[in-house]
Structure formats: structure tokens, C-alpha cells
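Taking the hints into account, I'd like the entire structure generated from these sequences.
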Amino acid sequence: MKKAIYFSVLFILIKITASGQNVPIVQEVKIDNGAISRIIILESGKITTRSLRLAGYPYNFVSIESKEPGNHKPVEGYYEGHGPDPEEFSFNANDMLVNGKTGWKTVEVKKIKDGKGSGYALVLSGTAPGNKDLLIEVDYLAYPNLPVIRKKIIFENRGKEDLKLDNIDIESLTLAWDNTHNVVFKDYARYKHLGQYTGDWNDAAVILHHMDMDRGILLGNEAPGVIKRTTSCLDGRTFKIGLTHIEQDFPSRVWLSAGEKWESPWSFIALYNDKNPRAVVDGPVSEFVRNHMGIRLAQIPVKPTFVYNTWQPFRSKIDDKLIRELADAAASCGVQEFVIDDGWQTNNGDWEIDYK
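Numbering (numbering that gives the first Met the number 0), first residue to last: 0 to 355.
These are calculated hints, taken from the structure and not from any lab test. Among the clues, some could well be false.
Okay, derived cross-link-like pairs now, DSSO-like style, lysine-lysine, Cα gap no bigger than 30 angstroms in a straight line [as the list claims (entries may be wrong)]:
(1) Lys163 x Lys100
(2) Lys163 x Lys151
(3) Lys159 x Lys131
Okay, the calculated beta carbon distance ranges per label pair [what the hints assert, rightly or not]:
(4) Glu324 x Lys302: 15 to 25 angstroms
(5) Lys104 x Gln335: 52 to 62 angstroms
(6) Val338 x Ala278: 23 to 33 angstroms
(7) Gly114 x Gln335: 24 to 34 angstroms
(8) Ile153 x Thr304: 18 to 28 angstroms
(9) Gly224 x Ile352: 32 to 42 angstroms
(10) Thr304 x Ala54: 41 to 51 angstroms
Predicted, not measured: the structure shown is a model, and the values here were computed from it. Every residue gets a Cβ at the ideal spot worked out from N, C-alpha and C, and that includes glycine.
Next comes the structure, spelled out in C-alpha cells:
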């Protein structure tokens, strides 16, 4: 079998001023591993994803702002998604909204590696009142043969005062299709949901599926526990992957002292073109998790006792057939302890066994 070769390309367009100085006006960073490609543009103080594409599939998965009036091209009876350029990331810094459009200067673009993953780090300094004391590094990684791109942000407080960060969205992109054609698969991408969606700790993986064109994006959130937040189409087209916001039950917040750094959890996206949205989970995403996510359980020689509890998601809605099937499936996965949490008793509090 021929092994796919990972490659990345960096383009810089240069403008020659009247004084003879070379002034970069557009920086284009391309990540392409032969399975997925992403083009990030740094232009006029803004950073945005201009193209997000699956190999062998001709259409962009994110919307872009049309530069020419009437530049809408029909795609199988639908229009390719011209709309606002994605804001790339979003957060509050000392209660001021900051995103990829609020003023940035490129400090450095450098190649990075992580195991078998390769990509680029974009080091940016803030130029606007909300981010003028911030230096951020936005890391993008892709992995051989997989339609997956991973992303995180490293924050550094370059000011003299403490810096408060909240409402942190590591990924903020705008779909090429709108909420009308979008179907969400939530709770580890198992259950269908129509309309706007805000995920919680059960949403390590959320699928956004175009129900007419059989394509979609899986949103992976590697934030721990209850501080996960993954959203779909709250404004009609944007999806975000990050940490809980201040209005939620378990809000997350980061304080940075002068000179201090903080590294966000990773997020990742996976593209697919398939009538069955679960295929991306069972195939490339499962391979990514096993081989590249760096889960510690795969490395330690003595494993802890694995426990399965029926409470999530079945609660009290259980029966004999379901329990036997679950127990067999759990055993085949290496589970050593099986807990029937609820639904076995006559009444809550009495704890008498319901023999029916």
C-alpha cells in the first residue's frame, strides 16, 4: 500500500510600496495532507479560514464573503455558501469581545509537529483595545490519511495587569449551508436534533449533517468534563467548539497574571461525504482517537477497573432485553463492573425489587 505523504504550503503575497519597502498584504497558510485541506488567510489585521475542503469533493465546507456581486454558483440545485468570513476563534478579554476580526499582527508562522501530526502555528499579537496586551499562538495539526484537523490556542498576557479570559471558543467557523438544511447529531453523535443546538459534557463529538447533499462536519471537543461547550447555528450558520460560557451552569474562566501563559484544550473537526453520518465516527475519527489523541489509558500497563452505569442515557427506561444486550456489549469492550442504576425497583425510595 502506498503511504500518503503529508505536506503543507505557505504562500506570502508582497506589495511593493513607493518607498521600495516590501509590505506583506496577504499571508495564506495552507494545511493539506491529501485527505483534507484548510486555507487560513491573514489579511488587513484579520485571520479567517477561506477554504475547508475534503479531498475529491469539490465544494467548500465553510462560507466565504463574496468579493464580486452576484458571485453565487449553483451546487446541485443549491447555492454554494457565500456569507460572512468565519471569525476563526472567539473569547472575551476583560469583558471585551475578541475574535479573528478584531485586529491582529502576524509575529511568526512556524511549522509544528506532534507525533505523526504536522501543521502550522500562527503567532499573533493584538492591535485593538480588547487584545492589545495579548499574544496568541493558534496551532493547527493534520494527520496522515485522515480528514481531521486539530486546533488549540496558547494565550500569553503581555500587559502589566491581570487578564480575565472567558467565553472561549477555540473554533468558530461559518457553515456553507444554513440551519434550514442542517441536522445535528448530539450525545456522542448518536441522537438526531433539529434546529439550534448548545451541547454539554455529553458532546465530545457532534455531527452537523447537510441532509440534502449527504455531507457534513464532525465537531470534536477535547475539553474536560462539564466545561465542554459545542454549538450549532445559534445565529443560523456558525458552529463553535470551546469552553462553557459565563451564563451556563458550569462557567469556565481563566486568569492570567502579567507574563503568564495558558494553553487551551484541543478541538478538532472531521469532514465527510456520506449518506451515513456515523461512518465518520466509526472510521477516521475512531482511528484518530486511537492513534493520535494521546489518551493515557492506551499507554499504562495496568488498566483500572472499567465500570458501565445504565443511568446515562437510559435512566429508568430499562427492561430485561436491553440490560442483557448492554451487558454483552460492555463485556466485549472490557468492562468489568456493570451497574443497573435505576428502573429495577417498584418506587424510588422504597428500593423494593420489581419482579416484573
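We went through each hint and held it up to the structure:
1. Lys163 x Lys100: OK: Lys163 and Lys100 at ~20 angstroms, within 30 angstroms.
2. Lys163 x Lys151: holds, 18 angstroms
3. Lys159 x Lys131: Holds - the C-alpha atoms of Lys131 and Lys159 are around 12 angstroms apart, at most 30 angstroms.
4. Glu324 x Lys302: 15 to 25 angstroms: holds, 24 angstroms
5. Lys104 x Gln335: 52 to 62 angstroms: holds, 54 angstroms
6. Val338 x Ala278: 23 to 33 angstroms: holds, 31 angstroms
7. Gly114 x Gln335: 24 to 34 angstroms: holds, 30 angstroms
8. Ile153 x Thr304: 18 to 28 angstroms: Violated, at about 36 angstroms.
9. Gly224 x Ile352: 32 to 42 angstroms: holds, 33 angstroms
10. Thr304 x Ala54: 41 to 51 angstroms: At roughly 42 angstroms between Cβ atoms, Ala54 and Thr304 fall inside 41 to 51 angstroms, so the hint holds.
When held up to the earlier numbered hints, the structure conflicts with hint 8 and nothing else.
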